[in-house]
Amino acid sequence: MTNSSSPKRNEQDQPETSGPVLKSLKTKLSKPEDAEKKIVGKKLKDVEISVPIVYGNIAFWLGKKANEYQSHKWTVYVRGATNEDTSGVIKKVVFQLHSSFNNPTRVVESPPFELSEQGWGEFEIAITLHFHSDVCEKPLSLYHQLKLYPEDESTSLSIKKPVVVESYDELVFPEPSESFLARVQNHPAVSVPRLPVGFTLPTPAEDPSERKRVDTKDHPLTQWFTNFSEADELLQLAAARQQVQTHIAKLRRQITVIEGQQQQLKPSSDQ
Amino acid sequence: MDAKDILGLPKTPLSVPPEKKSQPKKDSQRKPDGISREVYALTGGLAPLMPSIDSSYLKKRPPSDEKITWQWLPFTNSARKDTLQLYHWVRVVNGVPPTGDYSFAKYNKSIEVTKYTDEEYAQHLTDPSWTKQETDQLFDLCEQFDLRFVIIADRFPSSRTMEELKDRYYSVCRSILLARASSPADVSGHPLVKENYNASQEKERKRALSMVLSQTKQQEKKDAEVLAEAKKIAESRMAAKGVEESVMPATENEFPETTIDHNTLVSLSNVRLAPVAAPPSTLVIADTSSTLASLRMLPVYLRTYALEQMVQQASSSAGLRTIKRVEQTLQDLGINLKPRVPTKAVCAEHLELRKEILTLLNLQKQLQYKEAEGSSLREGTTYSEMPGTPKRQVRDHDRTFIPDAMSFGGERGGRKDPKRKGPGRVSETPSSPANKRPRKMKASDL
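For the record, the sequence lines run as chains A and B. Letter 201 of the first sequence, counting from 1, is numbered 201 in UniProt numbering, and no numbers are missing. Letter 226 of the second sequence, counting from 1, is numbered 226 in UniProt numbering, and no numbers are missing.
Rather than coming from a laboratory, the hints here were simulated on the basis of the structure. From the three backbone atoms N, C-alpha and C, an ideal C-beta is built for every residue, glycine too. A hint or two may mislead.
Facing chain A, a subset of chain B residues (Cβ under 8 Å, in silico) [what the hints assert, rightly or not]:
#1 242
#2 243
#3 304
#4 335
#5 345
#6 356
#7 357
#8 361
The whole structure should be built from the sequences, with the hints applied where relevant.
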């Protein structure tokens with residue numbers, strides 16, 4: 001889920017995390033703005049934009065009657081983690097398929113950024129995200145292993161239940177440009193940290209073409225999407241850390257005990 | 001017989017009868033033709049890559065039309081300055097002795113040492129630290145010993161270092177060259193003019209070389225470590241640079257030097273198992289900042305990539321086995337090695353957990369060392385004095401670390417019971433330090 005406020009809270013409450021360290025280091029490293037501003041729009045330090053995305057594939061088995069070489073119908077895609085529209089960030093997505101496919105380089109220029117095909121084989125797909133020019137000049141590549149067959153070999157293939165493999169990741173833009181920041185200020189798909197005090201952004205122009213987003217929530221495959229929640233993971237990690245810290249404290253006590261004993265022993269052994 | 005063997009000539013058919021019986025056997029084993037078995041065996045039983053003498057050549061008879069005699073004749077050597085007459089064997093063909101100079105005379109080469117007249121000396125070559133007599137002596141020795149400065153330095157009457165002698169010689173030659181040249185342009189190509197001898201640089205170079213040669217193994221290891229770290233930093237910086245083609249601000253350049261020092265210090269402190277206190281942690285933070293800086297240079301990156309980099313940096317001071325143990329511990333605690341939902345908060349927590357596990361493993365090792373120290377100390381004192389309880393507790397902890405950690409409540413109470421019987425079992429513990437060590441080894445191989 002988008003979490004623009006929670007990381008901040010963590011930073012302030014638990015000084016042990018690397019959060020405040022990161023933040024304070026960032027402020028220390030910031031140089032006079034003018035020297036750092038690029039010609040193409042202004043870039044901001046100490047503000048980092050993260051866009052949570054999910055990428056993966058859904059594969060349906062087409063049944064016994066299907067052609068041997070077209071046994072599965074699969075869709076590979078990139079979506080916003082909460083199924084929100086990512087077209088403000090991503091300009092186009094290029095899927096590089098196995099060379100046995102016709103035109104293995106498939107370009108998708110509008111959301112939903114997905115590609116459907118029929119086939120029988122599993123292979124690695126290179127997904128290259130191209131961003132809008134004010135977001136990022138260079139493309140970013142992800143790699144996804146297409147999965148058609150269920151993990152558990154004993155389960156029989158079913159036409160109704162697809163095989164779904166999704167991976168969660170976040171796109172991090174460490175120095176976003178002002179225009180990008182302004183554009184995504186209130187965008188639900190993007191998480192923007194609280195801006196430093198006294199920082200004001202120009203209000204984004206109400207661009208009608210931008211508002212006309214494809215409502216991805218009505219996508220037919222939505223029912224199969226995984227809901228990634230960080231809460232469980234955080235709980236697990238916190239519990240593990242607690243255990244480790246307790247153990248560390250115990251070991252430290254034992255070491256001091258032994259050191260004390262050794263101190264006592266030394267004079268006696270000299271005798 | 002033996003002489004023939006050495007010469008490599010084939011055995012004559014007039015061999016002693018007992019040998020005849022064994023000869024067929026030898027024949028079957030004999031690989032080469034032309035050289036006997038013993039000689040062949042000397043080469044290690046393997047034929048040389050390039051035949052030194054073609055075996056057929058040995059069997060070749062000299063051409064029958066020529067009449068060859070060998071004569072003991074005198075000869076002259078053009079390389080000699082005196083008129084000494086020596087004699088040697090000469091291969092005479094059809095009564096005609098060979099012509100030409102002594103074949104080794106051409107190897108008598110010598111170095112041309114420049115000579116200066118007294119006038120030239122007065123004009124160009126005077127030097128406050130060198131008298132004419134010394135300079136003359138130097139040049140005599142140079143000629144006598146073919147510019148072998150090691151010998152010249154040894155034989156020089158007054159004690160001068162080799163660098164001084166070389167310096168004087170080369171500067172004299174250079175001055176003479178320049179003086180005799182019709183124009184400076186003529187001699188500008190000469191190596192003496194182009195690259196003058198630099199005595200101080202030579203001294204430095206030799207000193208540095210001797211330092212490198214006399215480096216201890218530890219020093220070598222440290223240097224290699226530092227270089228490897230520098231290379232890694234440079235490469236990661238290169239990667240960041242390649243993505244973002246902007247000019248690096250000046251302060252970034254300071255990072256390599258400072259982070260190299262921090263890295264070596266961090267690794268040293270880990271090796272010495274110093275207790276985790278403020279200084280090492282600040283050094284670790286300094287390293288984090290360099291990874292962060294390189295990440296920030298990228299226009300965009302994935303959270304998982306960032307986590308990978310941070311994990312790598314955090315484990316840079318740990319060996320491969322330690323990293324595996326960290327991963328094993330993570331798995332035992334039920335944590336995925338790569339978080340399933342890598343948000344910023346989750347990644348930060350994951351990183352901190354890994355660092356804490358590293359600390360834990362280091363502390364365990366430290367504890368083991370302390371125990372080993374303690375047991376070696378106790379060998380000197382009476383054993384019954386010290387109850388084995390502390391050690392027992394610790395050992396049990398080591399062995400049961402993972403299951404203990406997994407269950408918070410009930411089982412721990414159960415495990416404490418055997419410990420209470422500890423003092424009564426003192427006689428069991430002191431079997432020998434040797435016994436304990438293998439057990440400790442097992443515990444540590446988690």
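Evaluated hints:
no.	hint	in the structure
1	242	violated, 10 Å
2	243	holds, 6 Å
3	304	holds, 5 Å
4	335	holds, 5 Å
5	345	holds, 5 Å
6	356	holds, 5 Å
7	357	holds, 6 Å
8	361	violated, 10 Å
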